[in-house]
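**Q** Let's have the full structure, built from the sequences with the hints guiding it.
Take the sequence shown: its letters are residues 2 to 236, numbered as in this note's numbering.
It is worth saying that the hints were derived from the structure and are not from the lab.
What you are looking at is a predicted structure, and each value in this text was computed from that prediction instead of being measured.
Just so you know, not all the hints are guaranteed correct.
[Stated by the list, open to error] Beta-carbon label-pair distances, calculated as ranges:
no. : residue 1 : residue 2 : range
1   : 171       : 3         : 42 to 48 Å
2   : 163       : 47        : 15 to 21 Å
3   : 121       : 212       : 30 to 36 Å
[To be verified] Once the Cα atoms are required to be at most 20 Å apart in a straight line, the calculated EDC-like pairs of lysine to aspartate or glutamate come out as:
no. : residue 1 : residue 2
4   : 197       : 87
5   : 175       : 165
6   : 59        : 99
7   : 197       : 85
8   : 59        : 85
9   : 153       : 79
10  : 30        : 214
11  : 197       : 134
12  : 153       : 101
13  : 30        : 234
14  : 230       : 34
15  : 100       : 213
16  : 153       : 85
17  : 153       : 143
18  : 59        : 234
19  : 175       : 220
20  : 18        : 85
21  : 230       : 134
22  : 18        : 38
23  : 100       : 214
24  : 230       : 220
25  : 59        : 34
26  : 12        : 134
27  : 139       : 234
28  : 18        : 234
29  : 230       : 219
30  : 59        : 38
31  : 12        : 79
32  : 197       : 148
33  : 230       : 99
34  : 230       : 148
For each residue, glycine too, the CB sits at the ideal point set by N, CA and C.
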Amino acid sequence: MSIPTPHITAKSGDFAKTVLMPGDPLRAKFIAENFFENAVLVNNVRGVNGYTGTYHGKRVSVMASGMGQPSIGIYSYELFNFYDVDNIIRIGSCGSFDKDLHARDIVIAMGACTNGNYASQYNLPGTFCPIADFGLAKRAAELCEREGVNYKVGNILSSDMFYDDANSGMVWTKMGVLGVEMESAALYCNAARAGKKALCICTVSDSFVYPEENTTAEERQNSFTTMMKIALELA
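**A** Below is the structure:
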């Protein structure tokens with residue numbers, strides 16, 4: 002396949018080596034408008050906004066992934082394999098299972114458990130464990146320490162279900178899983194297969210322990226700036 006791809010109309014060289022990837026297209030727009038210098042819209046197929054600009058002199062891009070493993074699977078695959086992107090940093094929201102994590106705290110996903118079937122395509126004779134790039138995760142933790150941010154590093158659950166009839170999410174706490182989102186496992190699989198680097202940084206938007214702290218859609222879109230700044234420093 003050549004570029005443009007079925008889902009990205011950008012030209013060769015339009016993306017920086019590092020792409021920040023929120024789920025929400027409006028969060029991508031917010032980052033470009035509030036943190037980038039000289040932001041240029043390089044993709045808008047299906048309203049999935051992608052921008053490239055500079056942050057403190059460094060060239061960086063941001064593009065939305067949409068929701069779920071199939072969606073981020075498409076966009077991250079095309080960025081890694083057709084647009085010569087080396088690093089994708091997912092900046093998303095998650096629901097927390099952990100009593101020590103509150104709304105707006107940070108989860109650095111070193112590993113991504115999943116109830117999905119994304120890795121079956123590789124026909125491996127066992128179970129693949131999708132993990133982040135250690136160098137990116139280490140630097141993200143150091144930035145959290147420097148900024149005095151409450152955070153945890155560990156496993157996250159990438160679920161294929163938002164509405165779960167079995168209400169099975171909390172059983173993952175028995176295995177030390179910190180929270181749940183819907184994208185990271187596919188991203189980590191694509192990075193591993195392409196020989197590239199990936200990291201998921203999530204802000205706790207909802208808590209299974211402290212539901213009174215849950216955030217609104219507007220807050221998730223516009224106010225998780227600590228996570229955004231950490232990711233931009235990693236770029």
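**Q** Please go over all the hints and tell whether each is borne out by the structure.
**A** Taking the hints in turn, this is what the structure says about them:
no., hint, result
1, 171 <-> 3: 42 to 48 Å, "holds, 46 Å"
2, 163 <-> 47: 15 to 21 Å, "holds, 20 Å"
3, 121 <-> 212: 30 to 36 Å, "holds, 34 Å"
4, 197 <-> 87, "holds, 5 Å"
5, 175 <-> 165, "holds, 18 Å"
6, 59 <-> 99, "violated, 35 Å"
7, 197 <-> 85, "holds, 10 Å"
8, 59 <-> 85, "holds, 17 Å"
9, 153 <-> 79, "violated, 30 Å"
10, 30 <-> 214, "violated, 26 Å"
11, 197 <-> 134, "holds, 9 Å"
12, 153 <-> 101, "holds, 9 Å"
13, 30 <-> 234, "holds, 18 Å"
14, 230 <-> 34, "holds, 14 Å"
15, 100 <-> 213, "holds, 13 Å"
16, 153 <-> 85, "violated, 31 Å"
17, 153 <-> 143, "holds, 12 Å"
18, 59 <-> 234, "holds, 9 Å"
19, 175 <-> 220, "violated, 30 Å"
20, 18 <-> 85, "holds, 7 Å"
21, 230 <-> 134, "holds, 19 Å"
22, 18 <-> 38, "holds, 17 Å"
23, 100 <-> 214, "holds, 13 Å"
24, 230 <-> 220, "holds, 16 Å"
25, 59 <-> 34, "holds, 16 Å"
26, 12 <-> 134, "violated, 27 Å"
27, 139 <-> 234, "holds, 13 Å"
28, 18 <-> 234, "holds, 14 Å"
29, 230 <-> 219, "holds, 18 Å"
30, 59 <-> 38, "holds, 10 Å"
31, 12 <-> 79, "holds, 12 Å"
32, 197 <-> 148, "violated, 28 Å"
33, 230 <-> 99, "violated, 24 Å"
34, 230 <-> 148, "holds, 10 Å"
Consistency with the previously given hints fails for numbers 6, 9, 10, 16, 19, 26, 32 and 33, ordered from lowest to highest.
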